[in-house]
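*Asks:* Given next are the chains, with one letter for each unit.
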Amino acid sequence: AQKVTQAQTEISVVEKEDVTLDCVYETRDTTYYLFWYKQPPSGELVFLIRRNSFDEQNEISGRYSWNFQKSTSSFNFTITASQVVDSAVYFCALSTRGYYGNNRLAFGKGNQVVVIP
Amino acid sequence: NAGVTQTPKFRVLKTGQSMTLLCAQDMNHEYMYWYRQDPGMGLRLIHYSVGEGTTAKGEVPDGYNVSRLKKQNFLLGLESAAPSQTSVYFCASSYSPGQGILYEQYFGPGTRLTVT
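One line per chain: the protein sequences are A and B, in this order.
According to the numbering used here, the residues represented by the first sequence are 1 to 117, in order.
According to the numbering used here, the residues represented by the second sequence are 1 to 116, in order.
Hints were generated in silico from the structure; no laboratory data involved.
One should not assume that every hint holds.
Said to hold, decoys possible - Over the 10 angstroms line for every Cβ pair with chain A, so calculated as not near, a few chain B residues: (1) G63; (2) L78; (3) P83; (4) Q105.
Stated by the list, open to error - Footprint (simulated), chain A over chain B, 3 or more residues, beta carbon under 8 angstroms: (5) 42 to 54; (6) 97 to 103.
Since the model is a prediction, treat every value here as computed from it, not as a measurement.
Virtual Cβ for every residue (Gly too), placed ideally from N, Cα, C.
Between the sequences and the hints, there should be enough to build the whole structure, so can you do that?
*Replies:* This is the structure:
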């Protein structure tokens with residue numbers, strides 16, 4: 001079965017600290033995609049990144065970085081030097097070719113990040 | 001390019017009333033989805049569609065119906081609203097590079113529904 005686990009439900013950090021969000025996924029497929037979304041307090045869901053299973057290079061975009069490790073089935077997200085605007089719920093998601101995964105994404109439950117000024 | 005739009009943004013219903021939520025996308029995506037989001041529950045898939053004229057049940061389909069008469073529109077209906085359907089509803093659309101796998105979903109702004 002396809003499954004995404006985000007273990008930490010709420011994480012509080014003081015502004016300028018780094019925060020890492022863990023995402024662990026389960027799939028038997030060799031071809032799959034992983035995603036991260038941000039949901040700020042205003043409520044919209046914003047797509048941040050897509051990563052395919054054949055590309056294990058880490059990615060950096062400004063203060064955001066992603067670490068993909070197939071050996072541990074993890075796709076972790078780090079916010080460096082956090083800011084109050086980073087306060088949001090962050091969702092990890094998985095897309096596979098498997099029977100259950102066809103035509104749907106599997107979402108994790110989300111991590112609530114609170115950045116304290 | 002508006003992306004995914006939803007109407008209405010807010011609605012209050014009384015128990016037993018009916019309503020339709022409209023989702024529209026202008027990205028020519030084949031796949032469309034309706035989710036509900038409740039505190040602490042993450043996103044739960046209600047129904048989805050893999051193309052014009054098709055619909056399928058998700059995790060929590062009871063009490064909802066959907067239709068996809070046009071590729072760009074996906075309607076979610078509540079025939080007899082119940083307080084348990086108080087939630088935020090999100091529509092999303094997506095596309096596929098083939099082989100039965102999906103790229104990212106793009107979400108609408110959400111509809112906040114309260115059933116009293």
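*Asks:* Each hint should be assessed against the structure and marked as holding or not.
*Replies:* Tested hints:
For G63(B), the shortest C-beta to C-beta distance to chain A comes to about 20 angstroms, beyond the 10 angstroms cut-off, and the non-interface label holds. The claim that L78(B) lies off the interface holds: its Cβ sits roughly 20 angstroms from the closest Cβ of chain A, which is beyond the 10 angstroms cut-off. Non-interface status of P83(B) relative to chain A is upheld: no Cβ of that chain comes within 10 angstroms, the nearest being about 21 angstroms off. Under the 10 angstroms C-beta cut-off, the non-interface status given to Q105(B) relative to chain A is violated; the minimum distance is some 6 angstroms.
With 5 residues bearing a CB less than 8 angstroms from a CB of chain A, the region 42 to 54 of chain B meets the requirement of three and the coverage assertion stands. Three residues within the 8 angstroms Cβ limit are the bar, and the region 97 to 103 of chain B against chain A gives 5, so the coverage statement holds.
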